[in-house]
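Asker: Sequence:
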Amino acid sequence: MNKSNNATMMEEAPPDIKRRRIVAADSSSQDVRCLTDLPSGILAHAASFLAAPSKVLFAVALDGNSAVSPNERSSSIVGNQWDILDFGDTEKELAMKLNDYDIEKVLLCIDAVNKVKRLKLANCIHIAGAGLEPLRGSAIIEQIDLSLV
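Number 150 marks the last residue of the sequence shown (my numbering); no jumps.
Quick caveat, the hints were computed from the structure, so don't treat them as lab data. Computed from a prediction, not measured in an experiment: that's the story for all the values here. Using N, Cα and C, we set each Cβ at its ideal position, and we do this for glycine too. Among the hints, erroneous ones may be present.
Under the rule of at most 25 angstroms between Cα atoms (straight-line distance), these lysine-lysine pairs were calculated in the BS3-like manner [to be verified]:
#1 LYS106 - LYS121
#2 LYS93 - LYS121
#3 LYS118 - LYS93
#4 LYS93 - LYS106
#5 LYS98 - LYS118
#6 LYS106 - LYS118
#7 LYS116 - LYS106
#8 LYS98 - LYS121
Label pairs and their computed distance ranges (CB to CB) [unchecked claim]:
#9 GLY138 - ARG34: 37 to 43 angstroms
#10 ASP146 - ALA62: 34 to 40 angstroms
#11 PRO40 - ILE126: 32 to 38 angstroms
#12 ILE43 - ASP90: 22 to 28 angstroms
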């Protein structure tokens, strides 16, 4: 292929091929430039396929990159059932990368002080303890497991 053919092909491609337009039920449209532009319902549906800890990490990542109210989006993604938060349900490689900052954000996102009874941090090898601060004063926490496996 010569240079002129390549230039012609580039001109024929839409200028913003990755941007999609979402049409809501009320026929209003919305430009989607990044994941955080998607409606909370779509994000919640996508998150429903993730393990519980991964679902919260997903919500935390979205909250850090959006102007939308974090509580509104987070609650629709993570739900309310958090008696047990078990990082053994995540991939070992991911759990090994988590640190106190990550754990703190997760615990705050799910209101762990009022919801989590058992916290299992299996394979979370970079936890020193500062990330557990959101659990201070919890009247319902029964167990914190810091085992490596």
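Asker: So which hints don't hold here, by number, going up?
Answerer: 10
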